[in-house]
Structures are given as C-alpha cells and as structure tokens.
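Asker: Produce the complete structure using the sequences and hints provided.
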Amino acid sequence: MQSKHEVSPSHTLYDSMPAGAQGKKKFAHFRRLFSSLHKKHHSRHGSEPAHKQQEGRADGSVQKRLREPPTSSTVIIRRPSTASSTSTASDENAPVISDRPTGYILETYGLPVRTIGQGTGGYVRLHQACDGRYYAVKTFTFPDAQDRTRTTTAMNVRQWKHLLDEASFSLSLRHAHVIRTYQFVREEDGTVYSIMEYCERDLFTAVQEGGLGDEERERLFYELATGVAYLHDKAHVAHRDMKLDNLCVDEDGALKIIDFGCSSTFDPLRPTQTRGVCGSDPYIAPEVFSSHAYDPRKVDVWALGIIYLAMVSGHFPWEVAKSSDANYSLYLRFHGKVIDHWLPKDSPANAAVKRMLSIDPEDRPTIDEVLQDPWLRSLASRFAATPDVEAVKDAMATSGIYGSTNLGYASTSTVSSGISISSGY
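First residue of the sequence shown: 1154, per the working numbering; consecutive thereafter.
Take these hints with a grain of salt, some might be off.
When the alpha-carbon atoms are kept at most 30 Å apart in a straight line, the in silico BS3-like pairs for lysine-lysine are as follows [stated by the list, open to error]:
#1 K1314 to K1387
#2 K1490 to K1507
#3 K1498 to K1475
#4 K1387 to K1507
#5 K1475 to K1490
#6 K1507 to K1475
Computed spacing ranges between beta-carbons, pair by pair [what the hints assert, rightly or not]:
#7 S1466 to R1535: 21 to 29 Å
#8 R1486 to L1422: 33 to 41 Å
#9 A1537 to S1325: 22 to 30 Å
Hints are computed from structural coordinates only; laboratory data are not their basis. This structure is a prediction, so every number in the text was calculated from the model and none was measured. Where is the CB? At the ideal position from N, CA and C, for every residue including glycine.
Answerer: Structure, rendered in structure tokens:
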C-alpha cells in the first residue's frame, strides 16, 4: 500500500487525447486515474527568503483551539512592549517581537511534549503549560550562511526584517477562522519563537481518511471562504499557500487557516503587483508561473476551487497547472466537462467552482463575489456565525472592558452554526 508521503504516478483522464473533429464530440468514459491525494509529493515554491518559503507543516498545521496563555508577572498577551508592562497592541512604538530572558518559553509555556511540524523555516513543538493548557510553539531557523545544508537560529538583517513583518501581521489577525498568534519572543541567545493556539486535526488528514460528511464539508468550506474574505478585505493579506495541509479544525469543529510563511500584503488600490512563485504545485494558479505581476487574491480563490474538489473527491485534478501536465492540458481544452466529471451539473457548487477555476484571472471572481454566489449564500443561511464573535472580543478588549494583561473572556458564546466559543479563548 502506498504511503501518503509517496508520489503517485501521473495519469491522464482518457486513454487517448481527442483530436480533430473527435475533439468536438461529447466524450465519456472518464478514467478515475487522477493523481492520488498525497501530502508531500508536490514541489514547493517560495519567492521569499528561506524562512518565508512555504514550510509544509512547520507553522503548526496540527493546532488546537485553546485559551489565552497563562497569566503571570512576565506574560504579555498583547503586542509585547519592553518599555511598559501596561502597553497595549495599539501602541505604535510597541515592538512586535519582545525580548525575554533565556528560559522564558519553558517557564511560561511548559516543557515540549512532542514535535508536531518541521520545515525549512523552523519547527513547531507542542508545549503544555503548568495549568494543563496546550500551545503550539514555533522555533524559527534559517539556512546557515557557512553551510547551506544546516540551519541556525541566527539571522541576517533581511531575514530579521521579514520576520518582523510576519510577526506584525500575524499578531494583528483576529478572526474566528484564522489561527491565533499570541506572542513573538526573542530570548537572550537570539532564538525567536512564536506562540500559537493549537489544533489537533488538519484537513488533509481528514480528507485522506474519508472523515468528512457532506454537511461538515460544506460548513468547513464556507468557513474557509469567510476566513479568506477577512484576510483580503480587512487585513489586506493574500495567503498564497492555501492547501489542505494549511487548514486545521479545532476542538469545537471550527476551521482555522494557518501558516502565513508565503503570504504577502498588498495595496487594495493596486493589488496586482505580486510576483514570484510561491505555494504548493497542485494548488498554484497558472498565472503564478508567468513572469508577470499577478493579483494574489485571485491566486487564493483558485486554490479554494482546488481545495473543494479535493474535499469532494479525495483527489487533485492535476499535479500542476502547466500545459506539460496531461490532466491540466485536458482542462485547457475541455474546461467545463472536466469540472462536470468531479461535480455533476446539478450540484449547487458546480457553477461556483467553474468560476473559481477560470484560467484567466480576469474572469475569476474575488472572494466577495464567491460569497455572493447562490451556493455560498445558501451555505451562509445555514452556517453563518452572527454576530462576528471575534470582532466583538477585539472591540471589548480594546475598550478596556477586560483586564489589560489577561485577555481571557469570561463567558461562553454559542453562535448559530453550533460552534462554541470557549471561555478564555
């Protein structure tokens, strides 16, 4: 039996390619020999420095929803400040990476239980604090300048700048379906850590094991779409590495978007200025492989179409969106019919997925337009969480309703989808 880490052989959809007049005929007999869903077979790309490249599961693709870090005299859950223990995340001059003495991570978040992810940008360990709570703690590593086969926790000026950028927007993200980053810390030896909430189940594993029912699949996809809408519309961040591995499900069943190592910010007035290949082959939009600038928002929308097909079928439609890929070459010629193979024409999702996988990004919808599709609107009527619990929490924390040190929340709020927002989250 093939391991989930092995590369599946490449297959085409048909025994032979239609040619000439035959290409105009309605064809049948699709072969179900698509590339099997697999975890590590695809190539990785990254236009950023090594620590910004996609990191497989290194940013904590196995993460669990938990409460805020334990309160102590040294813990600062807000954006940390070395100047004052009462500084808040709104302080413009507050550093996003706080300096702490060696041993701070172990003292505050407990001993590591096990390693839960590792990649080119570092490794993530599961820590259990003295109060029993779990946290995903990432240790950042970088290629050794003297020996590229090794990694080190030391970094150059450029790497430090990118890390500051990543820390800044990671700490600012507050949404029910985006992973929560509590703190970035640099200990005296120079090692940088990020502390995140922990989810124990990732979507790749759930899909591979066939553990998603129709109702759960539709709900998770709707939550994914709303999370992406928040990133694009409010945070002005494009993820650029959307994939099953970078989506996890918390203990309440809520989807969380994780791993922002490939992400980029954009000017909402000029969002088409991103360049470079970043992401994982089966999910990458075709325009990314060109030498031209592209809209990173449309790249995320394309990936959502691929993700939905994988959630439905357990397969990727192609290995890479290049004409050299036999399955994608067929898609270039017979676009609609290939989608119909995966999603029957009477499927509510059929039209939306076809639009999300439009080859020309100009024809591809924005995430807001996706959410206005009749299919997504029907999902919203079933699963929408109102009010936005995360937004309410942020407003209350900013107004000082809760204490300035511990951003725990005293009550449990149950939203209409049945997802419980645990107290102390």
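Asker: Hints numbered earlier in the text: which of these fail when held up against the supplied structure?
Answerer: none
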